[in-house]
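Which chain is which? The protein sequence lines are U and C, in order. Oh and the first sequence: position 102 is 102 in UniProt numbering, straight run, nothing missing. Oh and the second sequence: position 144 is 144 in UniProt numbering, straight run, nothing missing.
Derived from the structure by calculation, the hints contain no laboratory data. All residues carry an ideal CB built from backbone N, CA and C; glycine is no exception. Just so you know, nobody snuck in bad clues.
In silico negatives: residues of chain U with every beta carbon more than 10 Å from chain C:
{"#": "1", "residue": "55"}
{"#": "2", "residue": "57"}
{"#": "3", "residue": "97"}
{"#": "4", "residue": "141"}
FRET-style restraints, in silico, Cβ to Cβ:
{"#": "5", "chain 1": "C", "residue 1": "171", "chain 2": "U", "residue 2": "56", "range": "38 to 44 Å"}
{"#": "6", "chain 1": "U", "residue 1": "54", "chain 2": "C", "residue 2": "196", "range": "23 to 29 Å"}
{"#": "7", "chain 1": "C", "residue 1": "227", "chain 2": "U", "residue 2": "138", "range": "54 to 60 Å"}
{"#": "8", "chain 1": "C", "residue 1": "171", "chain 2": "U", "residue 2": "87", "range": "46 to 52 Å"}
{"#": "9", "chain 1": "U", "residue 1": "213", "chain 2": "C", "residue 2": "225", "range": "36 to 42 Å"}
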Amino acid sequence: MATRLQFENNCDIGVFSKLTNGYCMVAIGGSESFYSVFESELGGVIPVVKTSIAGTRIVGRLCAGNKNGLLLPHTTTDQELQHLRNSLPDQVVVQRIEEKLSALGNCIACNDHVALTHTDLDRETEEIIVDVLGVEVFRQTIAGNILVGSFCALSNRGGLVHPHTSIEDLDELSTLLQVPLVAGTVNRGSEVIAAGMIVNDRTSFCGSDTTATELSVIESVFKLRDSQPSVIVDEMRKSLIDSYV
Amino acid sequence: MPRKPRRKQRPKSWPVTFSPFARALARMASVSKPNRRSKSIESSEKPTRSSTSNGSSKHTLEERPEGSESSDGEFDGVVQADFAFFDPKPNDFHGVKTLLQTYLDVEEWDLSGFADLILEQTTVGTVVKVEDDEDEGVFALATALNLWRYREQRCIMKLKEFLLLKASQEKGVGDQLRLLLGERAHNVGLLVSQRVVNLPPQLLPHLYDSLFNEVSWATEDEPTEDLRNSFQFKHYIILSKIYKHKNAEQQKRKRSDDREEEIVYVKPEDEIFHELSSWSFCFPLRTQQPAPHELKNYRSMGLIMTVEADKIPTFRQQLTSLINEG
Chain U
1 MATRLQFENN CDIGVFSKLT NGYCMVAIGG SESFYSVFES ELGGVIPVVK
51 TSIAGTRIVG RLCAGNKNGL LLPHTTTDQE LQHLRNSLPD QVVVQRIEEK
101 LSALGNCIAC NDHVALTHTD LDRETEEIIV DVLGVEVFRQ TIAGNILVGS
151 FCALSNRGGL VHPHTSIEDL DELSTLLQVP LVAGTVNRGS EVIAAGMIVN
201 DRTSFCGSDT TATELSVIES VFKLRDSQPS VIVDEMRKSL IDSYV
Chain C
1 MPRKPRRKQR PKSWPVTFSP FARALARMAS VSKPNRRSKS IESSEKPTRS
51 STSNGSSKHT LEERPEGSES SDGEFDGVVQ ADFAFFDPKP NDFHGVKTLL
101 QTYLDVEEWD LSGFADLILE QTTVGTVVKV EDDEDEGVFA LATALNLWRY
151 REQRCIMKLK EFLLLKASQE KGVGDQLRLL LGERAHNVGL LVSQRVVNLP
201 PQLLPHLYDS LFNEVSWATE DEPTEDLRNS FQFKHYIILS KIYKHKNAEQ
251 QKRKRSDDRE EEIVYVKPED EIFHELSSWS FCFPLRTQQP APHELKNYRS
301 MGLIMTVEAD KIPTFRQQLT SLINEG
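Can you make the complete structure from the sequences, with help from the hints?
Spelled out as structure tokens, the structure:
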């Protein structure tokens with residue numbers, strides 16, 4: 001199920017939060033209602049951690065992670081690093097890396113099996129990604145943009161990419177990532193997908209400007225709709241029954 | 001929608017950003033200003049009053065400020081731009097929403113709904129953009145919304161709550177504000193005017209001229225009598241931001257030749273509005289942006305004031321002379 005919300009009148013919630021299958025990180029300083037939406041959806045299943053990175057609230061764009069690990073930029077302070085190590089589950093490896101492209105969330109898009117990265121990322125960083133996140137790394141662009149982390153949202157079940165991605169690119173990326181991909185928008189036509197929404201295998205959160213059409217595309221590509229027997233029957237009826245007598 | 005013939009913009013070759021012109025303007029602002037500024041301003045007025053456009057008049061302002069030499073090699077200080085004034089369009093949603101981001105301080109409210117409201121009112125309302133800009137960035141916005149016409153909208157209700165809450169701490173004005181927002185709302189317009197910080201001030205007289213002209217044309221051109229009456233504003237409410245000196249009380253006791261002023265107006269026309277206002281009050285803002293060095297002794301405050309509609313011609317005159325001499 002996809003939930004709409006906003007952070008202080010700002011619909012770019014992917015900037016202020018990060019969601020994976022193992023944990024969720026939220027920026028401090030937002031209103032309690034922002035935090036409580038996450039708590040009510042995820043509470044008990046995965047920990048919701050309030051934090052800052054490098055003293056800023058843009059936690060979603062500065063870090064990259066999945067259920068295996070979390071990568072932090074070199075600007076992260078020691079206290080923040082310790083706080084994250086304490087609050088996240090033990091199986092999550094938290095590592096601070098020396099990479100000059102410090103907005104890791106903008107440079108790396110990943111799920112639990114595969115990652116797309118910025119073409120200019122260091123070799124060392126790529127190796128660390130393979131080790132810590134346990135993924136296969138591909139250097140790619142999306143619709144000609146090198147900030148792959150900004151223009152795509154990825155889960156283990158599907159992905160949403162920049163609206164101007166060509167069909168050939170979609171096919172190529174889909175083969176690499178081994179998940180179905182769809183080109184679309186979020187927050188009423190915004191192309192910066194990862195800023196407007198966050199997703200994991202069970203749930204997704206989008207900015208409150210997201211239209212009903214965009215939301216239904218998100219729910220369908222990430223397979224978030226509750227599958228009721230009636231839905232399946234209705235959808236199959238058309239293909240099974242040719243004509244009524 | 002009537003448009004006027006415009007010259008092509010010739011951008012210099014600076015780094016491509018999402019809005020090359022905005023980036024150039026930002027650089028201009030950081031470059032030291034020269035002592036003399038020669039401006040050439042062309043403004044041709046074409047009051048087209050076709051039945052479809054309801055009397056909207058669009059101005060082209062050609063702005064050619066000259067900058068001094070900069071430390072950056074590729075930028076030689078001359079920016080050419082054609083600003084154009086447009087009726088609000090649904091496409092402008094994101095630009096308008098960005099400009100209104102801090103309108104109600106940190107309050108969570110239906111900002112998207114408010115932006116939609118402004119964009120739907122095409123008869124009165126102006127959006128300033130750069131001609132032939134691919135990104136269609138919105139640089140400024142001006143409109144007047146009748147508080148009675150939109151009283152059922154969630155955003156307007158929240159806005160009224162906000163204003164009344166801020167007024168409750170001020171003696172006297174609370175009741176007057178309640179009247180304006182309640183019984184007298186039929187003739188009260190909320191004047192919304194937001195812009196990017198470094199918009200050339202030469203545009204302001206034209207922007208306000210076009211806004212108040214549209215208001216008076218709407219009183220004649222709107223299809224129904226209700227709508228026509230809804231633009232017969234008697235009062236305008238303005239919600240704005242100013243910088244007030246932190247030691248405002250002490251200032252009054254100091255010598256009169258003290259150089260620092262008590263209030264610094266972010267928008268130049270606010271000073272004129274403030275003088276002409278029937279009443280006004282300030283309230284502290286919770287968003288404290290890092291102030292530029294010159295303003296380190298100041299604190300940003302919100303300002304709510306109300307201006308009678310018959311003072312508007314005086315305002316227009318004073319604004320023109322203020323901008324021309326500055």
